[in-house]
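Chains as they are written, first to last, in the working numbering: chain E, 1035 to 1237; chain L, 197 to 407.
Source of the hints: derived by calculation from the structure; they are not laboratory data. Do not take every clue at face value.
[Said to hold, decoys possible] Mimicking BS3-like on lysine-lysine, the simulated pairs with C-alpha atoms at most 27 Å apart in a straight line are:
id, chain 1, residue 1, chain 2, residue 2
1, E, Lys1216, E, Lys1179
2, L, Lys203, E, Lys1116
3, L, Lys203, L, Lys389
4, E, Lys1104, E, Lys1116
5, E, Lys1183, E, Lys1115
6, E, Lys1078, E, Lys1121
7, E, Lys1078, E, Lys1116
8, E, Lys1179, L, Lys286
9, E, Lys1104, L, Lys203
10, E, Lys1216, E, Lys1121
11, E, Lys1078, E, Lys1183
12, E, Lys1078, L, Lys286
One-letter residues, chain by chain:
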Amino acid sequence: MAKGKKSIVYPVTFMLIVTVVFTLSLSLLNEFTIDRINYNRDLKIRRTLLYVFDVEVEAYSGESTDAIYKRYIEERIVDGKKLYIAKDGDEAYGYAFPIEGNGLWGSIHGFAAVSTDYSTLLGIDFISHNETPGLGGRISEPIFKDQFKQLSLSGSEGDYIIFRPAIGGNVDTITGATGTAKAVREILNEDIHAFISHMKGDR
Amino acid sequence: MSNTKSKEIFTLGVWKDNPVYRQILGICSALAVTNLMLNSLVMGLGLIFVTAFSELTVSLIRRFTPKHIRMMVQTLIISAYVIIVDILLKAYYPSMSEALGPYVGLIITNCIIMGRCEAFAQNNPPIYSFLDGIASGTGYTIVLLIISFFRELLGFGTVFGINILGDSWVNWSLMIMPPGAFFMLALLIWATKSLLPEKDDETSKGGAVNA
Chain E
1035 MAKGKKSIVY
1045 PVTFMLIVTV
1055 VFTLSLSLLN
1065 EFTIDRINYN
1075 RDLKIRRTLL
1085 YVFDVEVEAY
1095 SGESTDAIYK
1105 RYIEERIVDG
1115 KKLYIAKDGD
1125 EAYGYAFPIE
1135 GNGLWGSIHG
1145 FAAVSTDYST
1155 LLGIDFISHN
1165 ETPGLGGRIS
1175 EPIFKDQFKQ
1185 LSLSGSEGDY
1195 IIFRPAIGGN
1205 VDTITGATGT
1215 AKAVREILNE
1225 DIHAFISHMK
1235 GDR
Chain L
197 MSNTKSKEIF
207 TLGVWKDNPV
217 YRQILGICSA
227 LAVTNLMLNS
237 LVMGLGLIFV
247 TAFSELTVSL
257 IRRFTPKHIR
267 MMVQTLIISA
277 YVIIVDILLK
287 AYYPSMSEAL
297 GPYVGLIITN
307 CIIMGRCEAF
317 AQNNPPIYSF
327 LDGIASGTGY
337 TIVLLIISFF
347 RELLGFGTVF
357 GINILGDSWV
367 NWSLMIMPPG
377 AFFMLALLIW
387 ATKSLLPEKD
397 DETSKGGAVN
407 A
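Sequences and hints are given; from them, build the entire structure.
Written out as structure tokens, the structure is:
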């Protein structure tokens, strides 16, 4: 064995075997957990949508979330894009759509919901972001995102979100996370404006 | 497996030869994740798992590994275990997976793991290597928890998210930001330097590496 280690064949074969063993076990683990991971991802999207429509979800259980989701939210494809419609009984009261843009460190993905007459922002939430935990990462904490519930969109077009203390400010920013907060404001202003003008143009 | 030997491994890893304040390894992540105690704890547990199993594997195959490609082999083993941690967190603890975000993947870059594999697991039997991984990981976790305790307490007024200092406390934003981590780490290294007599270095040479 000791002599064999010096040759070229031995290290290459050894490396190949080690690589195959580990790659194989990782792909097996991935295979076994992929359903669960996908389910967790879908569950998170459903919870996010319920949150932006301000529907209470009590327990952190998958089944109750699914049931409530089915009762309140309808998915429809409009112009090749997925549109989420919230209904209370038979009457629709809001539309939700994905928002997306660049944060400070990476892209931010989330959802925003507006009322059916486009006069009110019902709520926003984020699916994924890479902002600094404890600073920019606080955009996904209730204290920040709850501010966007029932926010009037009557301001000038494309300039819906204004941080206090600027004139006309309606939302508080996060101390120490100016970059992230600015990014969030721009994403929201742009995407809400784009969505509303698109929907209005439809009619 | 003798008790004295395992005891010595733990004294060295956790206290006398602590990877963070003695060997100055794993500093990057010690600075990055310590603004919240919960993040530090899960990061520490992840590191204990990865270090212990990487050292075990490296030690198991150490007699068959050609010397000149051992670094490649170690890197492969370490990254495999880190991916396992990442997948398990995503599947069974999604909220924590989100809170830690990119840091889980960054366990790979933690010099403690490679340092211990190279310095200890390469020359010691599997059981001791496994214990050494747990010991070094624990040493790292304890340091992280100490730093994050002060940073979270002073920066947010909370411990593990529970409010301790009350509403009248004015948060020191500096503690949550990177400079706070540097100050705390420096203070900790200073404190341990003066608490631990230098002459102990003779016994703690066992596995120290400079990386």
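Violated constraints from the hint list, given by number and in increasing order:
Per hint list: 2, 9 and 10 violated.
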